[in-house]
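A.B. asks: Residues per chain, in single letters:
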Amino acid sequence: MKNNASQIKVLLFAELSEKYGWNEQYISLDLIEDKKAKSILKHININVAHQSIIVAINKEISSLEATVKDNDEIAFMPIFTGG
Amino acid sequence: MDKIKYKFKIATDPFDPYREIEKWEINNQMAAMSIFIGRVREIDQFGSQLKKLEIHHYSGLTEKLIEKHLSEITKKIESFSALVIHRVGFIDPLEPIVLIAVRADKRGIANQYCSEILEVTKFKVPFWKKEWTDKGSSWVKNNTVLST
Chain A
1 MKNNASQIKV LLFAELSEKY GWNEQYISLD LIEDKKAKSI LKHININVAH
51 QSIIVAINKE ISSLEATVKD NDEIAFMPIF TGG
Chain B
84 MDKIKYKFKI ATDPFDPYRE IEKWEINNQM AAMSIFIGRV REIDQFGSQL
134 KKLEIHHYSG LTEKLIEKHL SEITKKIESF SALVIHRVGF IDPLEPIVLI
184 AVRADKRGIA NQYCSEILEV TKFKVPFWKK EWTDKGSSWV KNNTVLST
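Line by line, the protein sequences give chains A and B. To convert, note that position 12 of the first sequence is 12 in my numbering; the numbers rise steadily by one, no gaps. To convert, note that position 10 of the second sequence is 93 in my numbering; the numbers rise steadily by one, no gaps.
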């Protein structure tokens, strides 16, 4: 549960969510020195090939090199397979 | 009354694509129309008999990405109108997953954008398929590529 303003919301979807057993958690941004998406991925112990991850920040497609700020929502997603 | 340029809907329940087209056509009649209806395959990616297909999506981002794409087309093409419906949840074999209907004043435009929107739903929008068989379930790793 969210309890202060210096946190970010992290979402996992589909196979990632199933594999790691959660789909949403809040983490303190203070723990992520460079504030980059790839560092958040490492912090939450998601070990997958970077080329198989799609990142969205605040519901905009982004990249693992992008940085986040307080209260952002970051999503890590597997390759899309719709249609 | 202005014509509605496009409509996108996430369907959580089964839908009849022909009925949806009929309703949509009332206010969207033009010279040409292309339609794509995608249904659930009866066989999974490993060749086993499929019991159910499960589709997940990222609510909010899904709608945003499809509507952004449709909006960009309307800025380029004056005589264009599209209806896009995509199922989520558990779906039986041969039930419709996706409907794309594009109306335009030329057949080339209708065909081109019907195909383009379908590829967007397959590769650029956060939907994920999980296949269920008697042996269990597995996530679809990659979509099929466009081929003839």
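One or more hints might be untrue.
Claimed, not checked - To spell it out: a stretch of chain A is covered by chain B in this simulated footprint if at least three of its residues, at any positions, have a beta carbon under 8 Å from a beta carbon of chain B; those stretches are:
1) 11 to 22
2) 70 to 81
As the list claims (entries may be wrong) - Think about it this way: if two alpha-carbon atoms lie no more than 20 Å apart in a straight line, the pair counts; the simulated PhoX-like pairs of lysine-lysine are:
3) A/K38 to A/K9
4) B/K135 to A/K59
5) B/K147 to B/K158
6) B/K134 to A/K59
7) B/K224 to B/K213
8) B/K147 to B/K88
9) A/K9 to A/K35
10) A/K19 to B/K159
11) A/K19 to B/K224
12) B/K135 to B/K151
13) B/K207 to B/K218
14) B/K106 to B/K88
15) B/K224 to B/K134
16) B/K90 to B/K134
17) B/K189 to A/K59
18) B/K147 to A/K59
19) B/K218 to B/K92
20) B/K205 to B/K224
21) B/K159 to B/K88
22) B/K147 to B/K90
23) A/K35 to A/K19
24) B/K218 to A/K19
25) A/K59 to B/K218
26) A/K19 to A/K42
Said to hold, decoys possible - Under 8 Å between C-beta atoms, here's a sample of chain B residues computed to sit facing chain A:
27) Y141
28) H152
29) K205
30) K207
None of these hints come from the bench; they were simulated from the model. Just so it is clear, CB atoms sit at the ideal spot from N, CA and C, and this is done for glycine as well.
A.B. asks: Next step is simple, just say for each hint if it's right about the structure.
C.D. replies: A quick look at each hint next to the structure:
1. 11 to 22: holds (count 5)
2. 70 to 81: holds (count 6)
3. A/K38 to A/K9: Cα-Cα ~15 Å, so holds.
4. B/K135 to A/K59: Given that 20 Å is the threshold and the Cα spacing comes to 29 Å, the pair is violated.
5. B/K147 to B/K158: Between B/K147 and B/K158 the Cα gap is close to 16 Å, so the pair holds against 20 Å.
6. B/K134 to A/K59: Judged against 20 Å, a Cα distance of about 33 Å means the pair is violated.
7. B/K224 to B/K213: Satisfied, since the Cα-Cα distance of roughly 9 Å is no more than 20 Å.
8. B/K147 to B/K88: holds (16 Å)
9. A/K9 to A/K35: holds (13 Å)
10. A/K19 to B/K159: violated (42 Å)
11. A/K19 to B/K224: holds (14 Å)
12. B/K135 to B/K151: violated (31 Å)
13. B/K207 to B/K218: Not OK: B/K207 and B/K218 at ~30 Å, beyond 20 Å, violated.
14. B/K106 to B/K88: With Cα atoms ~15 Å apart, B/K106 and B/K88 stay inside 20 Å; holds.
15. B/K224 to B/K134: Holds. B/K224 to B/K134 sits at ~18 Å (cutoff 20 Å).
16. B/K90 to B/K134: violated (31 Å)
17. B/K189 to A/K59: violated (35 Å)
18. B/K147 to A/K59: Holds, at roughly 8 Å.
19. B/K218 to B/K92: It is violated: about 32 Å lies between the C-alpha atoms, which goes past 20 Å.
20. B/K205 to B/K224: Measuring from Cα to Cα gives roughly 12 Å; hence the hint holds.
21. B/K159 to B/K88: holds (12 Å)
22. B/K147 to B/K90: holds (12 Å)
23. A/K35 to A/K19: violated (25 Å)
24. B/K218 to A/K19: holds (18 Å)
25. A/K59 to B/K218: Violated, at about 35 Å.
26. A/K19 to A/K42: The hint holds at about 15 Å.
27. Y141: holds (6 Å)
28. H152: Nearest chain A Cβ about 12 Å off; hint violated.
29. K205: This interface hint holds because 3 Å falls under the 8 Å limit.
30. K207: holds (7 Å)
The structure shown violates the earlier hints numbered 4, 6, 10, 12, 13, 16, 17, 19, 23, 25, 28.
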